[in-house]
Amino acid sequence: MDGSTLGLAIPLGLGMAAIGSGIGLGKAIEGGMNAMGRQPEAIGQIQTAMIIGCAFIEALTIYALIVSILLMGKI
Amino acid sequence: MQRMRVDRTAPLALLLGAALLIAGVCLAEEPAHGSSHEATTTAAPTEHVATQEPAGTGEPVAATHGEPAATHETTATHEATPAHGETADAHGAAGAHGEAAGAHGAAAAHGGGHGGGMPHIPSALTFIEAKLPAEQAEALNKLKDPIFSLVVALILAVFFVSLAGKLDARKPGRTQMAVELIFGGLYGLFTTIIGPSARRYTPFLGSLFVFIFCNNLFGMVPLGHSSTSSFANTTFALGMLTFLYVQGIALKENGIGGYLFHMAGSPKTGMEWGFSLLLFPLHVLGELIKPISLSLRLFGNIFGEDTLMATMVLLGAGIMFKITGGMALVPGIPLQLPFYFLGLLSCTIQALVFTLLATVYIALWLPHGHHAEEGHSHGH
Chain U
1 MDGSTLGLAI PLGLGMAAIG SGIGLGKAIE GGMNAMGRQP EAIGQIQTAM
51 IIGCAFIEAL TIYALIVSIL LMGKI
Chain V
76 MQRMRVDRTA PLALLLGAAL LIAGVCLAEE PAHGSSHEAT TTAAPTEHVA
126 TQEPAGTGEP VAATHGEPAA THETTATHEA TPAHGETADA HGAAGAHGEA
176 AGAHGAAAAH GGGHGGGMPH IPSALTFIEA KLPAEQAEAL NKLKDPIFSL
226 VVALILAVFF VSLAGKLDAR KPGRTQMAVE LIFGGLYGLF TTIIGPSARR
276 YTPFLGSLFV FIFCNNLFGM VPLGHSSTSS FANTTFALGM LTFLYVQGIA
326 LKENGIGGYL FHMAGSPKTG MEWGFSLLLF PLHVLGELIK PISLSLRLFG
376 NIFGEDTLMA TMVLLGAGIM FKITGGMALV PGIPLQLPFY FLGLLSCTIQ
426 ALVFTLLATV YIALWLPHGH HAEEGHSHGH
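As given, the protein sequences belong to chains U and V, one line each in that order. 1 is the number of the first residue of the first sequence in the working numbering; add one for each residue after it. 76 is the number of the first residue of the second sequence in the working numbering; add one for each residue after it.
For reference, chain V alone in the conformation it holds in the complex:
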């Protein structure tokens, strides 16, 4: 397949995406904590974060504030942080790192008390945190999602880069077949929505799918943690990345005049020109809401699924604890087993939905005549 050889840019796109993602992660982290702590707490926590992430603080934090959607966002992340803090809190109550949880709870207490904590399955970092002093453990816990998404990105990048050299259409093997299956499936899917020009967007969209899918699955790996189960750190960064990409394509394909014309609802008659005054702000708002709804959907689904799994693990362990009368080192009943299948299904579908919606957003911005024409040629 000639196509495969050309698409060696895909790993590069993935790496670039990962770099942007990490930058987004640090930016998303900073305003959320900055805004929540600036009045109440001392400079100690923020200072600590600053020493922990040298790359992130140097980046233009003001740029995110300048972004129209980001101002919407700070309130949302501000509210979302307490929930995140309490996951650590609940875990700390279980006895792994009581001190760290106390500090974390104090940091998150501005949300108004911390009663209902969400259970979560301990990851590899939890055991490292237990050995660290409270402040460092807290800082590490904040960086948990970036660390795990970086791990996934690195694994994927190394895997695909090493694979790209080995593939050869003239000597097809099992790997060749598997990769062609993934690529062909995704490419076919994008083609049915966008048309033949989907070729140009497949590297980005495909990387998006693979990255989200692997991140989702990482929550089910022992000692893993799915970074897509946090809003401010990963899914909002992904949503913003998609938003910027889609807007870039829209500006490139339509030109500035065409972009504004499309934003006004493509008016033709005088009546429609009149209505376009009303429609314009509506369309602008719609564009700004898209990344938020995309990222909220992914976050909600994966977070809900992880919480379900953790609840079942806790339940199984609790039942076993009752039965044995508190014996140490007895494994719990694997009540979470049936939910693994649900989790597998939901991981795939959510990655697919995110990618499909990104594809649809691109398709909506492509010039109309072109798109309709392609649509007809693909009808059966």
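Next up, chain U with everything else stripped away, as it sits in the complex:
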């Protein structure tokens, strides 16, 4: 694969990964907000669980970012 193809593929791939984890984060935070609204006394626990879940979702984009950083050297 030559440089120009990679130059198109890297940002596209990263963007696609970001779309997926954006949707995932939106769903997770929606659920968290709903739960917090229904049960304000459990906000602390819900928030902790939500942040941990968000970290796992976000990690997928980070993996894409790392792969794209590695591929940047090959352009």
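It is possible that part of the hints are untrue.
Unchecked claim - Below, simulated SDA-like cross-link-like pairs (lysine to any residue); rule was C-alpha separation at most 25 angstroms, straight line:
1. V:Lys365 <-> U:Ala64
2. V:Lys327 <-> V:Glu362
3. V:Lys365 <-> U:Leu70
Claimed, not checked - Pulled from the structure, derived: some chain U residues nowhere near chain V, Cβ distances all over 12 angstroms:
4. Gly13
5. Met16
6. Gly20
7. Ile23
8. Gly24
9. Gly26
10. Gly31
11. Gly32
12. Met33
13. Asn34
14. Gly37
Stated by the list, open to error - Label-pair ranges, simulated between beta-carbon atoms:
15. V:Phe202 <-> U:Ala18: 33 to 41 angstroms
16. U:Gln47 <-> V:Lys246: 31 to 39 angstroms
17. U:Gly37 <-> V:Leu319: 38 to 46 angstroms
18. U:Gln39 <-> V:Val435: 15 to 23 angstroms
19. V:Ser272 <-> U:Gly22: 36 to 44 angstroms
20. V:Leu412 <-> U:Met33: 23 to 31 angstroms
These are calculated hints, taken from the structure and not from any lab test. Glycine included, every Cβ here is placed at the ideal spot set by N, Cα and C.
Assemble chain V onto chain U, guided by the hints.
Chain V only, in chain U's frame:
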């Protein structure tokens, strides 16, 4: 607060952590460069590193190779190094130290060319490097992350040790309140996850949070550099430290038999015993992946944020350069200003996430009945 007086061990834990971290740093540095250069380049670069870090080379390098995860790792660090080398390369192209960048680029060229370099904000060391000959500058650049993490660790250790003597619950002042706020907040957080036994793990986890948080923030300080934005040097060391700590706790709390039983998925019926043969390697793999995913997450986030900031600085400077027609000593447009707030947020959240995940990993290894019981007593 009686609790604060007892927790004078926290700075000690921090110092110990920093020492382990530096040892890890040197170990992580050595195999990566050793494996990448052994075939192609001469002994000169490695020899140079050896003279630069007397403490690191004496340590058992073979031990990291013996570690199951480390063998996974050498390939990853091997690939990650070119990206790191190119940051210096891009900077060198800007004219600060062209020669050093050339040498560095040659060292990093095994990754297959060096086209897309990542911009990075110059740190205090960059100016020292510009004054040094190429080889020394290269060696210094390799040690950039350990140096900055050591600086942060020293600042924190001195700060907390000097603070520990002054605190007194009977004469609360502003400092007392601030420290109690930090400690109480972290302790409360760990308690909701682990239960009352979180008390035992708070020194390590709290130090982890404070250290990562300050390291992250150091990237936004002028002339600073966040050492958490490099994988092989800092974040993998932190991940390994957490991994060893968690495994130590797991062995201590469950015993060797309980540890293996937990690894097999805690089987109860005959069917589950049958499946445990399949589950065992899966659980082992899961344990080994944990430190890598932890450290990759931290590295990716902080590196991405620093790169974003540097890109904005470059953009601002470039626009100003166009406007003034290349006048010297004109400050750029501070386009990075809005991203500082994003950076502050992300620094806090990433430090919190690393610590929380470490807490969860500990909680997963604590004996089940105990943990469930604590969980219920904490439900509302």
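Cross-check of the supplied hints:
A C-alpha spacing of about 18 angstroms is found between Lys365 of chain V and Ala64 of chain U, which places the hinted pair at or below 25 angstroms, so the restraint holds. In summary, the hint linking Lys327 of chain V to Glu362 of chain V is supported, as the alpha carbons are separated by about 16 angstroms, within the 25 angstroms threshold. For the proposed pair Lys365 of chain V and Leu70 of chain U, the alpha carbon gap of about 21 angstroms is at most 25 angstroms, so the pair holds. At roughly 14 angstroms from the closest C-beta of chain V, the C-beta of Gly13 of chain U stays outside 12 angstroms, upholding its exclusion from the interface.
With a minimum CB-CB distance of about 17 angstroms to chain V, Met16 of chain U clears the 12 angstroms threshold, and the non-interface call stands. For Gly20 of chain U, the requirement that its beta carbon stay farther than 12 angstroms from each beta carbon of chain V is met, with the minimum near 16 angstroms. Against the 12 angstroms criterion, Ile23 of chain U stays outside the reach of chain V, whose nearest CB is about 19 angstroms from its own CB. With a closest Cβ-Cβ approach of about 15 angstroms to chain V, Gly24 of chain U is found to remain outside the 12 angstroms limit, as its non-interface label requires.
With 12 angstroms as the threshold on Cβ separation, the claim that Gly26 of chain U sits away from chain V holds: the shortest Cβ distance comes to roughly 17 angstroms. Taking the minimum C-beta to C-beta distance to chain V, about 18 angstroms, the non-interface status of Gly31 of chain U holds against the 12 angstroms cut. Separation of Gly32 of chain U from chain V is adequate, the least Cβ-Cβ distance of about 14 angstroms exceeding the 12 angstroms criterion. Look at Met33 of chain U: its CB is around 17 angstroms from the nearest CB on chain V, clear of 12 angstroms, so calling it non-interface holds up.
Distance check for Asn34 of chain U against chain V: the nearest CB is about 17 angstroms away, which clears 12 angstroms, and the non-interface claim stands. Look at Gly37 of chain U: its CB is around 16 angstroms from the nearest CB on chain V, clear of 12 angstroms, so calling it non-interface holds up. Checking the proposed 33 to 41 angstroms range against Phe202 of chain V and Ala18 of chain U shows it holds: the Cβ atoms sit about 36 angstroms from each other. Between Gln47 of chain U and Lys246 of chain V the beta carbon distance is about 34 angstroms. The supplied range of 31 to 39 angstroms therefore holds.
At roughly 41 angstroms, the beta carbons of Gly37 of chain U and Leu319 of chain V sit within the given window of 38 to 46 angstroms. For the pair Gln39 of chain U and Val435 of chain V, the supplied restraint of 15 to 23 angstroms holds, since their beta-carbon distance comes to about 21 angstroms. About 38 angstroms separates the C-beta atoms of Ser272 of chain V and Gly22 of chain U, a value consistent with the hinted range of 36 to 44 angstroms. Checked against the hint of 23 to 31 angstroms, the pair Leu412 of chain V and Met33 of chain U passes, with Cβ atoms roughly 29 angstroms apart.
Going down the numbered hints, you'll see the structure goes against none, and every one checks out.
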